[in-house]
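Student: Sequence:
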Amino acid sequence: MSKHEESPFKGKTGIRRLINAFGYSLDGIKAAFRHEDAFRQLALLAIILIPTALFIVPASPLARALLVASSLATLIIELLNSAIEAAVDHTSLERHPLAKRAKDMGSAAQLLGLINLAAVWGLVLFGH
Numbered sequence: 176m177s178k179h180e181e182s183p184f185k186g187k188t189g190i191r192r193l194i195n196a197f198g199y200s201l202d203g204i205k206a207a208f209r210h211e212d213a214f215r216q217l218a219l220l221a222i223i224l225i226p227t228a229l230f231i232v233p234a235s236p237l238a239r240a241l242l243v244a245s246s247l248a249t250l251i252i253e254l255l256n257s258a259i260e261a262a263v264d265h266t267s268l269e270r271h272p273l274a275k276r277a278k279d280m281g282s283a284a285q286l287l288g289l290i291n292l293a294a295v296w297g298l299v300l301f302g303h
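If you're matching positions, the sequence shown starts at 176 in my numbering and goes up one per residue.
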């Protein structure tokens, strides 16, 4: 296949592509719930934090949006981190410095996401 050809595995186009993509996204969320403890823990945290942000915390609409966005960001980061780990493990289970670097960087991204979550919530709740 030349570098300009489309993959023969490329899916449909138009509305069919959107429907398929939505299904693949749901499959990804199901897989994360099934196989990733960290995702389940962060989802539980989001289930608590998002309604708290929307209905309990006395804050402006922008502050509420930041609270929700920071909570969702940790889920997004964990999905990407888990995808990196799965791809690395699929490639090889042997120890390699590049595999370690990829996994450590994914973990570092999640650490920064959690620091961001704490900072946003702290600033909104106690920053007045």
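If you are wondering where the hints come from, they were derived from the structure by calculation, not from laboratory data. Backbone N, C-alpha and C define an ideal beta-carbon position, used for all residues, glycine too. Just to be clear, a hint being listed does not mean it is correct.
Think about it this way: if two alpha-carbon atoms lie no more than 30 Å apart in a straight line, the pair counts; the simulated DSS-like pairs of lysine-lysine are [unchecked claim]: (1) K278 with K205; (2) K275 with K187; (3) K187 with K205.
The following label-pair restraints were derived from C-beta to C-beta distances [stated by the list, open to error]: (4) A234 with P272: 13 to 21 Å; (5) L237 with F208: 14 to 22 Å; (6) P233 with L201: 31 to 39 Å; (7) L229 with F301: 37 to 45 Å; (8) Y199 with F301: 18 to 26 Å.
Student: Against each hint, give a clear statement of whether it holds in the structure.
Tutor: Results of checking the hints against the structure:
In summary, the hint linking K278 to K205 is supported, as the alpha carbons are separated by about 22 Å, within the 30 Å threshold. Between K275 and K187 the alpha-carbon distance is near 36 Å, which puts this suggested pair outside the 30 Å criterion. Distance check on the hinted pair: K187 and K205 sit about 23 Å apart at the alpha-carbon level, within 30 Å; holds. For A234 paired with P272, a C-beta distance near 45 Å fails the hint of 13 to 21 Å.
Distance hint for L237 and F208: a CB-CB separation of about 31 Å, inconsistent with the stated range 14 to 22 Å. For P233 and L201, the hinted distance range of 31 to 39 Å is satisfied, since their beta carbons lie about 35 Å from each other. With their beta carbons about 19 Å apart, L229 and F301 fall outside the hinted range of 37 to 45 Å. At about 40 Å, the CB distance of Y199 to F301 disagrees with the hint of 18 to 26 Å.
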